[in-house]
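Peer 1: Below are the chains, spelled out letter by letter.
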Amino acid sequence: MAATIRPLGLSAEQPAEDRPKRDELVRVYVWELPVRAVHWLIFFSMIVLSVTGYYLHNPFFIVRGQAAFTLATMRFIHEVTAFVFSMAFVVRIYWFFVGNVYARWKAFVPVTRRQRRGLREMLKYYLFLRWVAPQEVGHNPLAAGMYLLVYLLFLVQILTGFALYEWVLGTEPLRTMFGWLPRLINIQYLRETHYFLMFISFAFTIHHVYSALLVAIEEANGLMGSIFSGHKFVPAKVVEQDAAEIEQDAAPNGEPAK
Amino acid sequence: MFQFDSDLPSALERRGISRRTFLGFCAAMTATLALPPRFIPRVQAALEGADRPILIWREFQDCAGNTESLLRSSHPAIADIVLELFSLEYHETVMAGAGKQAEAAMEKVIQEQKGKYLAVIEGAIPMGQGGVFCTVGGRTALDIARQVCSNAAATIAVGACAWDGGLVRGAPNPTEAVGVQEAVPGIKVVNLGGCPHNAANTVAVLVHYLTFKELPALDQYGRPLFAYGNIIHDQCERRAHYDAGRFVEEWGDEGHRKGWCLYKMGCKGPQTNYNCPRVGWNDGTSWPVKSGHGCIGCAGPRFWDTMDPFYNRLPNVPGFGADVTAGQVGLGITAATALAFGAHGVASAVRAQVRPKEAVEKPDANKLPAETPAIQATEEKPE
Ligand code: SF4
Ligand code: SF4
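Chains as they are written, first to last, in the numbering used here: chain V, 289 to 546; chain B, 170 to 552.
Hint data in this document are derived by calculation from the structure and do not stem from the laboratory. Here the structure is a predicted model, which means the values were calculated and not measured. The reader is advised that the hints may include incorrect statements.
Quick list of the computed label-pair ranges, beta carbon to beta carbon [claimed, not checked]:
#1 V:443 to B:453: 37 to 47 angstroms
#2 B:190 to V:464: 42 to 52 angstroms
#3 V:339 to B:390: 31 to 41 angstroms
Glycine residues also receive a C-beta, built at the ideal position from the N, C-alpha and C atoms.
Please model the complete structure; the sequences and the hints are all you need to start from.
Peer 2: In structure tokens form, the structure reads like this:
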């Protein structure tokens, strides 16, 4: 990195000479540990769930031999991983309410003027109507909106998955929690939805990796590394601007960026 | 209409049914109801002491398949015992009377035995155009069902059609057929889905009613739990092959000859709640999966529409023609996404090459205050 990296000191108490210059890249702690942990839990469980889930749909290899227990093993792994996945999802939902300003639910619902503008500009960038991508500290509002849809997809997967699980198990408390679903929508359509959404999650993953790479390269903000370390590198002026705007947007109960 | 006998044992004897057969029947019914053997004497006593409750069996939009499956069992004990246990006051397929007299006899029973007789309904009830698609003796099925069911102690809906409309309700359902619980809401009803019902289960419901003076425990669809409490898949004798991952891939292949699991041939056992593997068909000799064909889910709700196609795992995707699977559509979407972003990547690389320097240096007027100097970040790219 060409720029000197200085600790972020944007508070008013900081003596002016210690504060980073406006164009200097500063290191911002964006993704807290739970956010990163959930990201990787979801990443790994999605791989496991897709492989085992596809096998459950279409057992594409047949194991010969006396002691084969392939499908049951696949199913067991699928179910255990499903619990890991669901818990990761629950943690992330919890973090929507207690996490930092980049992780809060408000960052994902593009309603404020700032977010709508960011969304528009990012869309323009994707549609080749802008030369450079707008810079953001947290998620850009377009990506954030996308993630909201993905969380919705995850929720549907969890609901349909547990409904299928309950169908086999037929015990409490799953029956009360998920038994209503097959009564509403036939079990076959739940099964189909559960299977079909796997492909939508593939499509999302393609988009996600591509866009992350694109933005990381174009903005050179350390985005790819940030999901490991939690830190992004953003020009000081962008951080400053972002913090000011978030503070403006923040409702009485929302805390401004630290 | 029917000859009345003083007591069941002598009546059965006259039909040539030995006491041994009768006790066997009691044991089989107790087992079907998933009750422990110590209930056998109780069932037996209840049946022997029963005062022949009256049954009114009405057929609407049906094929008489449920009647047939009850009456045509190869050893006649079940049908004979049922005919002796109950006073069957109306049943189009088996009664001797016909026309106005038969209808009058039913009228009489409904009036005199109000709230005491049992109604059995077979077949769906059309609701379209005032129900004209099915009339008996000049009255619509709906009209008859309302009268028969709402005056009965309880209604037993036998077969898929009487439960939820079955085949008759299959898309596009021109007669707007529904099952009896929808046609006559608010009645006490036991649903015995299946195409046809399994006579053993239906008779077990009747036996339960005679023994305990109440209907068996029901599930969320109003089906008795003893018969519909478990999925087929969990009771299937091919399950070990399923767990092992050994599947029939083609009719008549090695796996089929060896009796492997029919999952890949579209078996709906994992979706269907029923006790076929336990009770069996044709007097318990076999059941579909045992004889080498996948379950088609005939005991599931709206199965003609929802379990279709019978030889695939999942329903076809609506709006995509007959043979397109969810997997094909999903793969198509995935591939299209990959292509689209691949193309976007190429275009972005081109943009990065042709991007004028001023564009990079020009501040993002919308994003940053006007006095902000140009963004330098892109120039500070590593390498
Ligand atoms: S044959 Fe059908 S019911 Fe039996 S184990 Fe296979 S899938 Fe399940
Ligand atoms: S195996 Fe399935 S389709 Fe066949 S009778 Fe039983 S529930 Fe119906």
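Peer 1: If a hint holds in the structure, say so; if it does not, say that too.
Peer 2: For each hint, the structure was consulted:
no., hint, result
1, V:443 to B:453: 37 to 47 angstroms, "holds, 45 angstroms"
2, B:190 to V:464: 42 to 52 angstroms, "holds, 45 angstroms"
3, V:339 to B:390: 31 to 41 angstroms, "holds, 35 angstroms"
Violated hints are absent here; each numbered hint is respected by the structure.
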